[in-house]
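Peer 1: Here is what each chain is made of, one letter per residue.
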Amino acid sequence: MNFPKGAGSQFQPTKFEERGTAVAFTTPALSQARVRKDNRDQLELTVSSFSGVKGNYVIRWKDVAEIFSLTMHDRELHELILKGNSCLPPQVRHSILEVAKSGLAGPEAQKSAEEALAEEENEALLTRFFLFKGSLERMTGGQVNLKVSDFVAPSGRERVKEAMTDVAKRMHLQTQVLYDRLEQWGSLISPLGVNGMAKECRLRRIINQIAMLENTMHNWGAEDKSEASELAVPIAKMAGFTADYAKEIMVSALRPVEAPEKVLFNWDKASALIQVDLERLWWTVDGWEFVLLLWADAQERDRDGQRAAVTEIYRVLPIIPEKEAANRPNAKAMQENGRLQVRALEGWNSGMLDIEMMRRVETTKKRRI
Amino acid sequence: MTDLASELRDIERKLFEIPDEKVAQLTMLIERSRAVVMSAAMANAALGTLRPRLTKTRPPRYLSLQRIFCHPFEDLLVIADGEKQFARIGRRSLTPVWDYLIARLDKAAVKELEAALRAAPSPEMGLHADPRIPRLGPKLWEVAAKLLRGELAKAASDAAYKDEMIHELGGEAVLADLADMVAVLELALPLQELREELSPKPVGRLLEPQVEAIKQAYAGLLEANAAYPGFLLALVIARLTDGFQALPIFDGLGEVSTGLEGMTPGKFARAMLSGDCKRFLSNVSKTDPEKVSDANVADMVGDFANLLSRLKQDGMADGAAKEIQAATQQLKHMVKSNVLGGIDGKVMGGVSAVLTAAPAEEAADPEIAKQAVFDAKLEAENRVYALQRVARVAGEIGAEKDVAGTLKDLTTQIESTGATLIGDIKSGKLNAEGKEAAKTKLFAALRMLELVAGSNAASKLMKDGLAAIARMPG
Chain A
8 MNFPKGAGSQ FQPTKFEERG TAVAFTTPAL SQARVRKDNR DQLELTVSSF
58 SGVKGNYVIR WKDVAEIFSL TMHDRELHEL ILKGNSCLPP QVRHSILEVA
108 KSGLAGPEAQ KSAEEALAEE ENEALLTRFF LFKGSLERMT GGQVNLKVSD
158 FVAPSGRERV KEAMTDVAKR MHLQTQVLYD RLEQWGSLIS PLGVNGMAKE
208 CRLRRIINQI AMLENTMHNW GAEDKSEASE LAVPIAKMAG FTADYAKEIM
258 VSALRPVEAP EKVLFNWDKA SALIQVDLER LWWTVDGWEF VLLLWADAQE
308 RDRDGQRAAV TEIYRVLPII PEKEAANRPN AKAMQENGRL QVRALEGWNS
358 GMLDIEMMRR VETTKKRRI
Chain B
21 MTDLASELRD IERKLFEIPD EKVAQLTMLI ERSRAVVMSA AMANAALGTL
71 RPRLTKTRPP RYLSLQRIFC HPFEDLLVIA DGEKQFARIG RRSLTPVWDY
121 LIARLDKAAV KELEAALRAA PSPEMGLHAD PRIPRLGPKL WEVAAKLLRG
171 ELAKAASDAA YKDEMIHELG GEAVLADLAD MVAVLELALP LQELREELSP
221 KPVGRLLEPQ VEAIKQAYAG LLEANAAYPG FLLALVIARL TDGFQALPIF
271 DGLGEVSTGL EGMTPGKFAR AMLSGDCKRF LSNVSKTDPE KVSDANVADM
321 VGDFANLLSR LKQDGMADGA AKEIQAATQQ LKHMVKSNVL GGIDGKVMGG
371 VSAVLTAAPA EEAADPEIAK QAVFDAKLEA ENRVYALQRV ARVAGEIGAE
421 KDVAGTLKDL TTQIESTGAT LIGDIKSGKL NAEGKEAAKT KLFAALRMLE
471 LVAGSNAASK LMKDGLAAIA RMPG
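Just so you know, the protein sequences line up as chains A and B, in that order.
Residues in the first sequence are numbered consecutively from 8, following our numbering.
Residues in the second sequence are numbered consecutively from 21, following our numbering.
Okay, chain A solo, but in the shape it has when bound:
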């Protein structure tokens, strides 16, 4: 969340944890509001540009349902996040998908969430296979060459087991320990997959699409003749900056795959480092999925629809906090975007939800990256 320079800038978040995680609420006023923890480890919600004023409102999480007229979907999501008491992006995402799966955001969002969860399972399975295969090949000097069938057929499984026993013996580990570590490692990096996999896993897809958004937004801004074109420039810059930053972390998180023996031998230390990279990556791309989906939807709309989408994207643009990217060139410039938009989200005199606006927000839940 970025405050313009001057009054209030001392409240600008300096770390991801302070920025919080974007929550896919369907209540228009709360769309992409962020959940974070206060200094007493209690969840709180930050809402940007609320009522069209600059800056953020911070509300105790447990009070959100009292203050806002929430959709049924959001009541359930609010409750689930409260129960989970976590503001980490993977956990929040899991809650978001679980609630979407309940059908409270409509059948298309339900279907999309079911597919997303199934796809993640497949990606985890594939990643584990490629990690097993690559690691065993490397650790046996290429003597073991595994195929998918080896994990299914009893004879193949025997071969895997033999190879793992040999490697484990050499590393002075029990075979089961080696196996467990490979399993955990695979699960850890499954949102990224490993290099060489034919299928791109979710975080990698998002990073690549953020990189593409830089060009798309740049071109769109160059040809558009409205105020929105001015917003496309910082969006493009931030997309490029974020994609580069995320790619660096991704490289760092996957580098250990090249030296599996070291990782598996020093598992506690090595896995902690991988975990840190993955967490930073989750935080870095957090909020971008909504941006990408909003833009994908807008591309099928007319010019005015695209302009509205660009304005909305600018409002919720996930900006990398100062301390996270402190050593990167241009970090300061990236963080100096001021935002001010006025939106009509609720009937001004009734406070009732605008069903059309709600439907528009729900649209992004129908799609997946």
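Errors might be hidden in some of the hints.
[To be verified] Restricting the straight-line Cα-Cα distance to at most 25 Å, the calculated cross-link-like pairs of lysine-lysine (DSS-like) are: (1) B/298 - B/104; (2) A/330 - A/44; (3) A/69 - B/342; (4) A/118 - B/356; (5) A/90 - B/455; (6) B/221 - A/373; (7) A/176 - A/154; (8) B/390 - B/449; (9) B/342 - B/421; (10) B/221 - B/235; (11) A/108 - B/455; (12) B/421 - A/373.
[Stated by the list, open to error] Pulled a few chain B residues facing chain A out of the computed Cβ check, cut under 7 Å: (13) 305; (14) 394; (15) 397; (16) 401; (17) 408; (18) 466; (19) 467; (20) 470; (21) 478; (22) 482.
Don't read these hints as lab results, they were simulated from the structure.
The C-beta atom is built at its ideal place from N, Cα and C for all residues, glycine as well.
Based on these hints, arrange chain B on the given structure of chain A.
Peer 2: For chain B alone, kept in the frame of chain A given last:
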């Protein structure tokens, strides 16, 4: 024809799976075929199918001399079926006017232009404008304008010549369209500059530099003594999402000439907007309810309400009273038949599809059963959404009582279904299915109630339902 129709349907289905390059090839093929073998109607049908993808991909289009000729006035083209519309050009006039022109143009000059067109390389995919048009167009526009202006002058002074011309063109409306084409062709170059300023189309809210560009362009035309500068106003209106926003700008130009007698820029703009509105209203009146979906009807009602409000604001509603009345009647009829008609069954069907769904393991084909529930829910939600959009402006078509009554009935029915469900949960009827199944059923009713009656009405059902589920065993 049947084969073509089925192929078109197939293309439509696969449209967004085809790679960009294939779309480009296909477009080029269809457009060339139109010129050579295929009938124009067949080619248009094929292009109509491709249009959503063309907007996204923007492949280079097949460029003919006729397309270059039409470029200056293409913003003004409309599908007209009867009388000539002020400052608009009917698509039906394109071919007769082009044939009329080509029969009188110097054959050698035409061949030279065609050779230059063939030699010019096709533009890259994704470009908004074809760079070959500004390169080859000016010469053709100048020659065509001069020749056709001469023809119009002869027709003005010789009634027999005019009759011959009308006969050759195929009607008086085509002749009137030809006159407008000439007026725009004479402004082709200055309009080209303004078109770039007002790109890409459609232009939303006009920005200050764009307003300034319009004023300067108009002043430039007046200074150059252009015959019909008013057509610049037509181009501006045609490129805007909301043409009404241009009225204060054109009114601000005062009493200067538009080239048409008694027409100030403000009057010119009003005449054009009035024609556009009447065309829209007439299209609404002629809409066949059987061919439009509930969502289309909701769109039409929304557009109608917006238009009506603008017409009233600008004091133009009285001039279109007859058309407004006819459109109102038709919209009311369509709302009754397409939105309110059968809505109970559709909405309650969406809820009961979930409430009565057998557990996946009991279904003969779980995938088919799941898809059926999905379809029923989606249809129900889409219908409610259409109803809510109509409800916002139902007063404009006199349907507010019907719509409010329907919303009230639906609310009562869903609340009653919800109450029965909670009763079943409390009495243990759903114990065998478990808490998760009970929650799924509750949420189906809840979601529909929220869409129909709002979150406040749904929250009570949610509270009571979740409390009942919490007391279920297990």
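Peer 1: Check each numbered hint from earlier against the structure, then list the numbers of those it violates in ascending order.
Peer 2: Hints 3, 4, 6, 12, 13 contradicted; others consistent.
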